[in-house]
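Peer 1: So the chains spell out like this:
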Amino acid sequence: MPGTFASYLEKLENSRVWRSIFRSGRGTSTLHNALAIQQNVFLHLFPTKVRKRMLGLGATWYLGTLTLGTFIVLVVTGVLLMLYYHPSVPLAYSDVKDLQFAVSSGLFLRNLHRWSAHAMVFLAFAHMFRVFYRGAYRAPREFNWVVGVVLLLLTLLLSYTGYLLPWDQLAFWAITVGTNIASAVPLLGDKIRFLLLGGNLVNANALLRFYVLHTVILPLAAFLFLAVHFWRIRKDGGLYVRESEPGVKAKKTSEEQESL
Amino acid sequence: MQTKNTSFIASLKAFLRDPYRVFGVVSVILLLLLTIAPAKDYFSEWHGFQRQYLRFITNRGDAVTLRRHFEGGIQQIWIPKLGVVDRCQTCHVGLTEASLYDVKEQPFRAHPAMPHKLTEFGCVICHRGQGAATTVKEAHASEMAGEEPILPTKYIESSCGQCHHSALEGTPKLNLGRVMLSRYGCVHCHTVTLPDGSKMQATDDPPPLTHIADKTTREWVYAWLKDPVAYSATATMPNFNLSDADASDISAFLMANSKPGVGDTMAVAETHGPAPDPTAGASLYGESFCASCHAAQNAAGNLVGGDLGPELTRVGNKVKPQWLMAWMRNPQKYDPNTPMPQYRWSDAQLKTITAFVMNKSDSDYMANVHLQPATPAQIAHGKALVVEYGCASCHEIAGVPKPDNFGPDLTRIGSKPVVQLVFLPGMEHSLPAYLNQKIRQPRSFGSSFRMPRYNFNTNQVEAVTTELLSHTDRSFDLPAELQVPTVRETNYQPAGHAGQLMTDLNCFSCHRINGHGGDMAPDLSWEGTSVQSPWLDEFLKNPNTLRPALIRRMPKFNFTDAERKELTDYIMNVYQNPAFLRDEMPATGYAPDLVEKGRQLFYSKYACQSCHMVNPDVDKGYIGPTLTKVGSRLNASWIYHYLKDPQALRPGTVEPNQHMSDDDARALTAFLMMQKSGSKGAK
Numbered sequence: 001m002p003g004t005f006a007s008y009l010e011k012l013e014n015s016r017v018w019r020s021i022f023r024s025g026r027g028t029s030t031l032h033n034a035l036a037i038q039q040n041v042f043l044h045l046f047p048t049k050v051r052k053r054m055l056g057l058g059a060t061w062y063l064g065t066l067t068l069g070t071f072i073v074l075v076v077t078g079v080l081l082m083l084y085y086h087p088s089v090p091l092a093y094s095d096v097k098d099l100q101f102a103v104s105s106g107l108f109l110r111n112l113h114r115w116s117a118h119a120m121v122f123l124a125f126a127h128m129f130r131v132f133y134r135g136a137y138r139a140p141r142e143f144n145w146v147v148g149v150v151l152l153l154l155t156l157l158l159s160y161t162g163y164l165l166p167w168d169q170l171a172f173w174a175i176t177v178g179t180n181i182a183s184a185v186p187l188l189g190d191k192i193r194f195l196l197l198g199g200n201l202v203n204a205n206a207l208l209r210f211y212v213l214h215t216v217i218l219p220l221a222a223f224l225f226l227a228v229h230f231w232r233i234r235k236d237g238g239l240y241v242r243e244s245e246p247g248v249k250a251k252k253t254s255e256e257q258e259s260l
Numbered sequence: 001m002q003t004k005n006t007s008f009i010a011s012l013k014a015f016l017r018d019p020y021r022v023f024g025v026v027s028v029i030l031l032l033l034l035t036i037a038p039a040k041d042y043f044s045e046w047h048g049f050q051r052q053y054l055r056f057i058t059n060r061g062d063a064v065t066l067r068r069h070f071e072g073g074i075q076q077i078w079i080p081k082l083g084v085v086d087r088c089q090t091c092h093v094g095l096t097e098a099s100l101y102d103v104k105e106q107p108f109r110a111h112p113a114m115p116h117k118l119t120e121f122g123c124v125i126c127h128r129g130q131g132a133a134t135t136v137k138e139a140h141a142s143e144m145a146g147e148e149p150i151l152p153t154k155y156i157e158s159s160c161g162q163c164h165h166s167a168l169e170g171t172p173k174l175n176l177g178r179v180m181l182s183r184y185g186c187v188h189c190h191t192v193t194l195p196d197g198s199k200m201q202a203t204d205d206p207p208p209l210t211h212i213a214d215k216t217t218r219e220w221v222y223a224w225l226k227d228p229v230a231y232s233a234t235a236t237m238p239n240f241n242l243s244d245a246d247a248s249d250i251s252a253f254l255m256a257n258s259k260p261g262v263g264d265t266m267a268v269a270e271t272h273g274p275a276p277d278p279t280a281g282a283s284l285y286g287e288s289f290c291a292s293c294h295a296a297q298n299a300a301g302n303l304v305g306g307d308l309g310p311e312l313t314r315v316g317n318k319v320k321p322q323w324l325m326a327w328m329r330n331p332q333k334y335d336p337n338t339p340m341p342q343y344r345w346s347d348a349q350l351k352t353i354t355a356f357v358m359n360k361s362d363s364d365y366m367a368n369v370h371l372q373p374a375t376p377a378q379i380a381h382g383k384a385l386v387v388e389y390g391c392a393s394c395h396e397i398a399g400v401p402k403p404d405n406f407g408p409d410l411t412r413i414g415s416k417p418v419v420q421l422v423f424l425p426g427m428e429h430s431l432p433a434y435l436n437q438k439i440r441q442p443r444s445f446g447s448s449f450r451m452p453r454y455n456f457n458t459n460q461v462e463a464v465t466t467e468l469l470s471h472t473d474r475s476f477d478l479p480a481e482l483q484v485p486t487v488r489e490t491n492y493q494p495a496g497h498a499g500q501l502m503t504d505l506n507c508f509s510c511h512r513i514n515g516h517g518g519d520m521a522p523d524l525s526w527e528g529t530s531v532q533s534p535w536l537d538e539f540l541k542n543p544n545t546l547r548p549a550l551i552r553r554m555p556k557f558n559f560t561d562a563e564r565k566e567l568t569d570y571i572m573n574v575y576q577n578p579a580f581l582r583d584e585m586p587a588t589g590y591a592p593d594l595v596e597k598g599r600q601l602f603y604s605k606y607a608c609q610s611c612h613m614v615n616p617d618v619d620k621g622y623i624g625p626t627l628t629k630v631g632s633r634l635n636a637s638w639i640y641h642y643l644k645d646p647q648a649l650r651p652g653t654v655e656p657n658q659h660m661s662d663d664d665a666r667a668l669t670a671f672l673m674m675q676k677s678g679s680k681g682a683k
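Just so you know, the sequences run in chain order Y and X.
Numbering (this note's numbering) for the first sequence: 1 to 260.
Numbering (this note's numbering) for the second sequence: 1 to 683.
Errors might be hidden in some of the hints.
[Said to hold, decoys possible] Heads up, simulated EDC-like pairs for lysine to aspartate or glutamate below, C-alpha to C-alpha not over 20 Å straight-line: (1) X:K629 <-> X:E538; (2) X:K676 <-> X:D504; (3) X:K137 <-> Y:D98; (4) X:K416 <-> Y:D168; (5) Y:K52 <-> X:D18; (6) X:K629 <-> X:D537; (7) X:K81 <-> Y:D98; (8) X:K644 <-> X:D664; (9) X:K565 <-> X:E538; (10) X:K676 <-> X:D662; (11) X:K40 <-> Y:D98; (12) X:K137 <-> X:E428; (13) X:K556 <-> X:E538; (14) X:K416 <-> X:E428; (15) X:K565 <-> X:D504.
None of these hints come from the bench; they were simulated from the model.
Working from the sequences, and respecting the hints, build out all of it.
Peer 2: What follows is the structure, encoded as structure tokens:
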């Protein structure tokens, strides 16, 4: 049976349709494998070659990937939530109630979105700690560290803007306090607050602004920086391995020579 | 054990070494986790109740009908205009099934009969709770910001009061609460604004204390302050829980602050003449119908009489005789706003009635009150206490201005969030429970609270709580066309000399004219169209009762002939119904066969004798006025139009509208006009 299945698979992969989509073709040579990665729009951000050891849990604890995973969950559940939610003062709160009480699995959807958001913030921090204490931010990866910091800020802003959308007392006062903190910025403080709220009070304009920020502007920015972030991993020499760093390598060889 | 564990971990490690296997296992776990969501939906509470309902109706005789009416899934009443999204019927499936009214098991009972349709207002506007919720706890007990828990049924009438601002037949508790809020002067200290922007007005009449030393003694003031109920069981003055020293200081201040009244004072000596005949006093008290307004305890300890004026059981302990006599002569001299009329008694009658009223006393009352003369420091302290307790919110006190908004504004008290309330330990955490306790024992929340305690029974406390709960945010947010406004009191005042006479007599304490006045006695707005002038003149000379069933009657006012004639002329000429002419039908001269036809209609077709009496020997009706002399009392055209549509001439009368033909009404009018005083009438 497996033999038969394999032969069907082989036939499929050699068919014209398959070949027009996956141009690298079937094969196990290094070139084939490299092309499979490089010629795929989704995968070409990643390096064509990875050390097998780096795929183990111990190397990264998968923290970056998990952060990306929560982000994907957030995008999917967020889009589904948008189907039920109106960012308007009379409807916002009752839409959240509808999600809780009347929409099929609506509460699950909402809770998944909420817990994923919490998880994403936690994972992003964990990822950064790991990178920091491993020293993986050092040259040539300084720029990707900066991109990572921007991504952390975007994550926090997404979290904050989403807080207002249920339009309950907690949301209202959290945003009131938050924007008042922003107004403490010297010189520009009140302008920043006005810009954020679209007025001087947390009201319909603020709700709309936070909705647009939360569902359009910040996610698009996050996509952009994520693309750069992944692409830079490849450009900066793949995942960080201490032993492969030039300084460590040189030192190690000299130590080995000494011991000889 | 150790080895077993290590071997388990070793085998797990071996298992996980194959990435495909790990991927497969993780995928299966994820899939299982994902099925939790739809499963939770399927096993949700409301699904359970709907399944339970279907099982419940299976064994009933009306199962087929009920099953046909049943619709599965979330059910909701949606009224965007009122902001109603009520999903209560998702679980309360049989709410509109009349045949389920006897079901004890909630949530399947049918709703009892109600004045509004379910689809008209939904559930939450009356019952509170969270209408959008589909779980028992969230729907009934949520207290999160903005959500209200279900209103206990004993306070449900408060919800009617959100739109209906006048008394309703079906809401005795709310009506009582409204009357009490005004009658006990709650709204002197607490502002209560209604949705139409008007403020609730007090209907009590707190006496001015400007000349209180003329009226009573410091000892009585002290005893009254300590416990008003000890003096009179019906006292509307609340108990401030004053210490002996504080009560003594306040009484000292009030006495020191009092100025002698100007004008009508009567020498003390005049009250000490020969002892008036006690029976004369009792009969004067009786024929003046003092008891229509004033109550007094009888020998059996029962309170008898009206509640418009203060209770007189121990009045002899309170007032000074010379003050009482001056008061009886002209009450408006002492208190211009008093509802008490001027009786125009002769000096001899004044002496008799004063002696009779002074005799209403209790030798035990105040027997132990002995006050030392007050020092200036005590008087000053008394004034400070008067300011602190806001006495001037109700009473006029010289030198102490009326404080504005002395108590908290209660305009939206019915929607106050639970998080803003401070509860006593062990107390139920709900707004109705808080209000109830606050009314019952205001000082239980702390000795620093100034609110006094009223002597209310459980029913009265619940009535006031119900009233307060009706002042909700929703009552302001509902569309204006739903508001049923209260009947506004006009400021009608009759003009001229006759008008002054009516003011002196305080006709408006009992009678209502052109939208102004009390409701104890008939509305006189169209009295001139209704009655005949000679009858009115005779009635004012010696008021006799028209309704045998009534205890409260019009008192005798001792008019001079000129005064009586002036009043009669004024009423006959001014208080006319604009819809028809008084004299469009004759008073006499009806054809005998028409009268006979009227008699038959009276006794057979309309059976008027069940409520009215024409022939006292035969008829037994006593609900309506006696009609033996109605032909001398009422005008023919009034009778005719009244028979055609009683409610048009006397709104709210129990007289049924029989939708009589013109001929029937004319025949009955002819028959009734034949019932004249002095004539044999129906006999």
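Peer 1: Check the structure against each numbered hint from earlier and tell me which ones fail, lowest number first.
Peer 2: Checked against the structure, the hints that fail are numbers 2, 10, while the rest are satisfied.
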